[in-house]
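Student: Single-letter residue listing:
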Amino acid sequence: MAWREDLRRVRVIAWKDITTERRSKAGFNSVVALAVTILVLFGFALGPEAQALRDAAAGAMWLAALFAGVLAFNRSFQVELESGAIEPLLLYPGSRWTILAGKLLANALFVGLMLAIVVIVGVTLFQVAIPKAWPSLLGLFALGAVGLVVLGTFYAAMSSRTRAREVLLPLLLFPMLVPVLLAAISGSKALLTGDLMHEAGAWIRLLIAYDIIFVAATLLAFEHVIEA
Amino acid sequence: MNETAATMNVPRSRAWSLFGVFAFVALIAAQAYAVLTSPADRDMGHLQKILYVHVPAAWITFLAFLVVLVYSVRYMLRGQEKDDLLAAAAAEVGATFNGLTLVLGMIWGKPTWGAWWVWEARLTSTLVLFMIFVGYLALRSFVDDPQQRAQWSAAVGAFGAINVPIVYMSVRWWRTIHQIQSSPSTMDSAYVLGLRTNAIAFLLIMIYFIRRRYELARLRRATELIADAAALGGM
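One line per chain: the protein sequences are A and B, in this order. Residue numbering for the first sequence is 35 to 262, as defined by my numbering. Residue numbering for the second sequence is -19 to 215, as defined by my numbering.
Please keep in mind that the hints were generated in silico from the structure rather than gathered at the bench. Since this is a predicted model, take the numbers as computed values, not measurements. Among the hints, a few may not be true.
[To be verified] Chain A regions said to be covered by chain B (calculated; three or more residues, Cβ under 8 Å):
no., segment
1, 129 to 143
2, 156 to 164
3, 193 to 200
[Said to hold, decoys possible] Simulated coverage check for chain B against chain A, where a stretch passes if three residues somewhere in it have a Cβ under 8 Å from a Cβ of chain A:
no., segment
4, 92 to 103
5, 119 to 128
6, 131 to 137
Note that beta-carbon positions come from the ideal geometry of N, C-alpha and C, so glycine has one too.
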């Protein structure tokens, strides 16, 4: 029943991170505040013409989520590094990948909540009409969030332990996330305008492939990265 | 693993110096041959000559990144520091050729397409590849512990390589106007030999550069290990 033990470990680590965050709230609140601020700034850069805002809405929402997300990813390891809790965590028996999986779950929850707020604020500020195909849009956002969280958390496991974590994480992460951003932004844009060219499906398939490849790759490589 | 100053030390061999001289002579000869013998293109005129630097540089970029991938995976499997240093040397050389490819492409694009930059699939993915290389090299410079640096850059190098085709696909769907890839069958035979000889010359240059950077990295590690041993009072 080794896999059942592993699943329990994943759940415990996710729950630990969620509890820490729920009790302090400082991290989540500031990350959401930053995301909303970025949205407002995009409004200044692109507005105030309604059509221009509507066209850029998908891109602005995803970039706001990305920039704010970087802070959340660095935080998820920083708390443990500051209190010296990462070594004891590694000393517990069991597979190391469960640590990453647990952190992925917790981060997915944070980023999912943040994205929900970003979408509500973005739809309001950028005067976007909710399309009929909103369930597909929801699915696309979920898939995009998974891609963001998987590589964000993995690279944060390295960058948060270096001298220059604030610079290094975006430098490593942003080029790797180009496919996710292109697919999420183009797919959202297509769905928001009625998907006349039937391209949203292709973007969703690209996101699914990306997510599967990098979930598998990060879980395999995590052992090497956290050990060092 | 557990390298000592003695095993790390690589004396600079005369054979490699000769190889370097040969590589540069080959490059000069191949360039001179291609530029002097190729006729002016019907549409592009002598602008076509940039082909002999731009295309080999692009091929070498991808080849160097392949070397990074192979040695990164090998490091993850076997944990030998030499593999890590070779991957790093290939990444430096690859990034240099990548930058060269981009700049030459822009110089060619301005008169041909009328713009220094167009958001087209191959251009954009080459730029993203360059950014991935820059991230890889930045990571290396920010991590001091050699084992940590090796483990992490192996993961980053392998992930970057996995991502290249996905980036290419995504940018291609996003937008595309680049001309269809030339192959010997679409290219006039007057240009093919010049391109092939230059590709070989660039390959020799790449091998020479990677070897020299690798030697340098090993010498640096050897001095670090000697300094460590001296600090511990073992010398």
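Student: Now, for every hint given, state plainly whether the structure supports it.
Tutor: Against the structure, the hints:
{"no.": "1", "hint": "129 to 143", "result": "violated (count 0)"}
{"no.": "2", "hint": "156 to 164", "result": "violated (count 0)"}
{"no.": "3", "hint": "193 to 200", "result": "holds (count 5)"}
{"no.": "4", "hint": "92 to 103", "result": "violated (count 0)"}
{"no.": "5", "hint": "119 to 128", "result": "holds (count 6)"}
{"no.": "6", "hint": "131 to 137", "result": "holds (count 5)"}
Figure legend: structure checked against the earlier numbered hints; hints not met, in rising order: 1, 2 and 4.
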